[in-house]
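Trainee: Here is what each chain is made of, one letter per residue.
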Amino acid sequence: MSPAKPMPASAQQAPEPDMAPPSVNMAASGEPNLAAESATKISATDLNFHYGSFQALHGISMKIFENRVTACIGPSGCGKSTFLRTLNRMNETVRHSRVEGEILLDGQNLHSFEVSEVRRRVGMVFQRSNPFPKSIFDNVAYGLRINGVPGGGSPSRGELRDAVEHSLRRAALWDEVKDKLHQSAYSLSGGQQQRLCIARALAVNPEVLLLDEPCSALDPIATTKIEDLIFHLKSSCTIVIVTHNMQQAARVADYTGFFLLGRLIEFDETPLIFKNPAQKETEDYVTGRFG
Amino acid sequence: MAASTTVASNTPRPALPARSVWRRILSGDSLAYSVTFAAAAMILLVTGILVWELYSNSQASRAKFGWNFLFTSTWDPVADQFGALPFIYGTVVTSALALCIGIPLGVGAAIFLAELAPPRISDALTFLIELLAAVPSVIYGLLGIFVLVPILRQVEPAIRAVLGWTPLFQGPFYGVSLFAAGVVLAVMIIPFIISISREVILAVPSDQREAALALGATRWESTWDVVVPYARNGIMGSIFLALARSLGETMAVTMVIGNDPKIKASLFAPGYSIAAVVANEFTEATGDMYISALIELGLVLFALTIVINGLARLLVARRNMA
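Chains as they are written, first to last, in my numbering: chain R, 1397 to 1687; chain G, 176 to 497.
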């Protein structure tokens, strides 16, 4: 968990250019080479996002591949969280916000769906764990109670119990909480609370799971658990993770996008981004020169 | 940064002189402790004096009637016979009615203002509501007499048509009544419930709303399932405050309740409340027993407020544990 160290070679590189505004999207074609292996789950094209008069995203085009982990990295305020929150239309809750461009989920425009359906299919886990002030069981069961079961109607007690157990197992939390399902969610530790939030999101069987800096408030051991979890989940779920921690992106992600000042500077397979980035800004960032 | 600042910060600065004794007292913890303690002690002192004065000055009445004071209905100053039951009944019934009307309207409006209304409308309405909370109660009393009672006379047949089969809405209706008092009290407590509940709902962290929305909840589901339960204790607090105000409300109630110390099941009948009878009769009370009985009524009101509030709190505490 050591922070990024500048590589000696790059540290010697002579005079650092002034931080010019990054070139617009030169490499951000959104088409990494290995894409053929996996279907496109979400595809964003020319995405602009405005908070009032402030434009937070500039022409983002990016593809999220099915059953892969895609990481968004970049310095604070670069728009990576904003991008994540457009993928489940969570940004619509912000007043005076405006989105332009196109996002397709399985080839269909995200805005052609009912918003609650989008959010059920594209689940989200937040930076700070935010369990409801209810029991562990009720936290996980909430999504099922409001969304009903596949057959329609509200879930029976047995269905709820099975689904809650299944979700807690998927979130690798079952063994720790199975004897205290009816205690308050606040009795859990920070890392457990975050895995509870993941279980809560998994309970409604999302096809995509958005993770917004899920480990930023956690200690290294809890972080490792979440990363293991991400690794196991990707067989059943497409995952997009925003992270400040570049090592984390390198460890868990198949693809990585580097954001800077609201633009997607570079998007490619993770090893390429970290070992052989095409853009100067990306190299500066992943080598710890700034950010 | 310039090198000179580095040098300057490395040279040791002379040690600060010790604070003088006087300065230490003025800026010290002990002074702050004593002053704030004195302020807090005032609360105990005032409550103590209040209870003691009510208790000692009602000595004659307590000695004569004992516990029967609470359970008899005769209020006859000429014969020196005093019983508090009609007043207790009127106080409790009007407050209960006020809560029945006020809680749904108040909490509903608070939810609208905090969660659903555009901020500009919410702020404007909240300003009005805080204005309403500051209106003197005698104004509400006038409003009750000149506006509400005529309106109630108009809608009374409709109420009777729907609810007339219950014992609560029978007998003649003259306007001034337990019902009118309850409605006026509701109008008075609603601003309290709205403005406190709104603050509490606004204070619910937005990540709670987002967590629900991210699971596919609608705006209303996130409000009702998540935000309101999170704010429940604060909303309960606003209701306790409203209850305390309605139990003790004097002026507005005495103007519309009818001031008739009888116990009738019908809300259409006139009644009387503890605060109203004390205010109306204290200046005219002649005779030590009369005055003593009125003071004992004050003691009863004090106890009633404590008991009802305590029960309500107990209820909430037990639900929280479950």
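Incorrect hints may have been included.
[Said to hold, decoys possible] A few chain R residues that face chain G, going by a derived Cβ cut-off under 8 Å, partial list only: (1) Asn1484; (2) Met1486; (3) Asn1487; (4) Val1490; (5) Ser1512; (6) Arg1515; (7) Arg1516; (8) Asn1526; (9) Pro1529; (10) Phe1533; (11) Glu1603; (12) Leu1614.
It is worth saying that the hints were derived from the structure and are not from the lab.
We treat Cβ as the ideally placed atom computed from N, Cα and C, and that holds for glycine.
Trainee: Which hints from the list above does the structure break, by number from lowest to highest?
Mentor: Violated hints: 3, 4, 10, 11 and 12; rest satisfied.
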